[in-house]
Amino acid sequence: MKTEPILKVEKIGKHFGGVQAVLGVSFELRQGEFLGVIGPNGSGKTTLVNLITGFVKPDSGKVIYRGKDITGKMPYIIAGLGIARTFQMVRLFYNLPAFKNIIIPLCSPRVKKLRGGQYGERDETAVDLLDDMGFERDSFVPYKLAGSLPHGYLKRLDLTRALALRPELLILDEIFSGMSMSEVASTLPLIEKFNREGLSIIMIEHRLKELFRVVDRVMVLDFGQKIAEGSPQEVMNTEEVKKAYLGSEVEIS
Amino acid sequence: MAEAGLRYRKERLDRGIKARSDTIYVISSYREMLYLVLPRVLPVIGLLVLPLVLRGYWGKVLVYACMFGLLALSWDFLAACGMFSLGQALFFGVGSFFAGALNHYLHWPPILTLPIATLAGGVFCAALLAPVVRLKGIYFAMITLVVPLLFTRLVVATGVWGGSHGLSNLAPFTNEWIPIYLAVVAMLVVLFGFRRIMNEDYGLVLGAIRDDDRAVMSAGINIYWRKIQALFIAAVVGCFAGAFMTHQYQFVGPSVFALDYSILPLTAAALGGAGTFAGAVLGSLALVPLSEAMRALGGLRITFYCIVLIICIIGLPEGIFHFIQRKYQQFERLTEIG
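Just so you know, the protein sequences line up as chains A and B, in that order. Our numbering applies: residue 1 is where the first sequence begins, and numbers increase by one. Our numbering applies: residue 1 is where the second sequence begins, and numbers increase by one.
Because the hints were derived from the structure by calculation, they are not lab data. Possibly wrong hints are sitting among the right ones.
As the list claims (entries may be wrong) - With a straight-line cut-off of 20 Å between C-alpha atoms, the simulated EDC-like cross-links for lysine to aspartate or glutamate are:
{"no.": "1", "chain 1": "A", "residue 1": "LYS144", "chain 2": "B", "residue 2": "GLU200"}
{"no.": "2", "chain 1": "A", "residue 1": "LYS68", "chain 2": "A", "residue 2": "GLU124"}
{"no.": "3", "chain 1": "A", "residue 1": "LYS144", "chain 2": "B", "residue 2": "ASP211"}
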């Protein structure tokens with residue numbers, strides 16, 4: 001049975017000066033699907049995220065979300081429709097306690113609407129959300145200044161902030177970069193769990209091993225163009241992909 | 001002092017009371033209660049008693065200081081929301097002219113012109129600056145710097161609202177107690193109001209816009225609408241000061257858009273300690289009387305005023321309020337260096 005795609009990107013393109021960052025990329029994402037996006041450095045992955053979430057306006061092409069054209073809309077409108085993202089370089093409020101970082105999305109009109117017109121007790125909700133993400137409430141981690149937390153926590157804080165928006169589509173931009181093996185090991189099951197519960201996810205990642213374990217489908221970008229798409233096995237056997245990764249064959253366990 | 005052979009250094013310890021915590025208050029004794037309450041209550045009582053002591057000329061200086069305090073608060077509020085303004089004169093001038101015109105052409109008394117000029121001026125200024133809320137940092141500052149100067153020229157060149165002569169013989173306040181207490185109470189209300197706003201979730205979002213506007217946008221919040229709201233709040237405060245001074249001086253002219261009203265509040269806030277609101281008030285209450293006391297120096301007044309400012313800013317870059325707050329919340333003791 002083929003379900004209506006939640007996100008449809010049609011021939012999207014963007015250049016910065018003479019650099020063609022993204023060139024005519026098209027793809028679809030089905031409801032509840034887990035899509036991985038990989039590619040060498042500078043292949044346009046983050047620009048693609050910025051194009052979908054409205055932080056960068058495309059030169060050409062379209063982004064269709066649930067049948068609605070959201071091309072070039074303001075980032076807060078796109079976020080309000082249920083597309084949440086994390087940032088490659090975490091963007092947090094370091095001089096605030098961790099749970100106050102989560103209160104910001106809880107103040108958004110989207111959350112108010114989903115909660116039936118009222119915000120409720122935000123502090124409590126924020127700490128609950130963080131507790132679920134492994135910020136031990138009992139040891140007061142949610143109350144610590146964000147600036148004093150280790151990097152792995154910051155990445156998870158950024159993820160929690162995206163989830164606090166109660167998104168229908170989550171875009172993770174290199175969530176694992178800079179995380180230790182054990183931090184990855186504790187975060188990955190959380191992301192898998194959200195996907196199983198019906199959240200559609202696009203995940204950009206350099207750590208192919210972890211990515212291939214969880215995604216349904218992989219898309220490979222190189223110099224702004226889509227060079228392959230399919231299951232992890234199919235993709236890594238494509239000639240172009242091997243060439244793009246300069247012969248570095250990837251073992252899939 | 002230290003004997004030969006023994007060396008000491010100052011050790012600073014934070015007081016072990018959760019005076020600065022957000023939600024948890026540990027109050028177990030009268031001493032701790034007083035510790036928390038006195039620094040808020042004493043200045044308030046002092047400001048409320050001051051008008052009884054200061055009469056005549058110095059009473060007017062107090063009113064003027066309060067109005068500058070309001071402008072400095074308005075500047076500090078915008079700065080807390082990430083909008084660095086160099087144009088508090090716009091708010092001051094718009095409020096002044098709204099009140100002046102209503103009084104001069106329609107003969108409305110201050111009790112009507114004050115609230116109307118305050119609110120209408122707030123809406124006008126917020127609407128006027130709404131198109132530039134997308135600008136950040138120096139670009140926003142430049143626009144706000146230029147707009148009031150544009151209005152000066154506009155009034156002088158077109159001759160509207162009295163042109164360069166201004167509108168004079170406006171209705172004064174009927175009773176000498178009204179303006180002085182109105183000024184003091186207004187400043188206190190705005191001071192504690194702003195501090196409350198910034199401690200609420202509403203202010204949390206405004207402060208977050210200053211820190212990282214893209215992160216706030218990705219949380220689904222329309223930052224431009226929030227910034228316009230913040231502009232309105234700041235403009236209301238500035239317009240009130242303008243409308244008030246119009247009736248206090250019984251005159252309004254193009255000089256209300258002068259650069260002084262933009263720069264001096266900024267200086268007051270910087271001197272007092274930006275980002276705390278209390279610092280803005282403290283700075284104004286220090287600078288305005290200082291400037292008046294120096295009138296005896298004649299032509300060299302501004303020179304000395306500037307020298308005092310330079311010394312303060314070099315000596316206390318964090319601002320008076322931050323300094324006092326830090327000292328208040330710390331023990332200091334000499335410890336031996338072994």
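We went through each hint and held it up to the structure:
1. LYS144/A x GLU200/B: holds (19 Å)
2. LYS68/A x GLU124/A: Violated: LYS68/A and GLU124/A sit about 34 Å apart, past 20 Å.
3. LYS144/A x ASP211/B: holds (18 Å)
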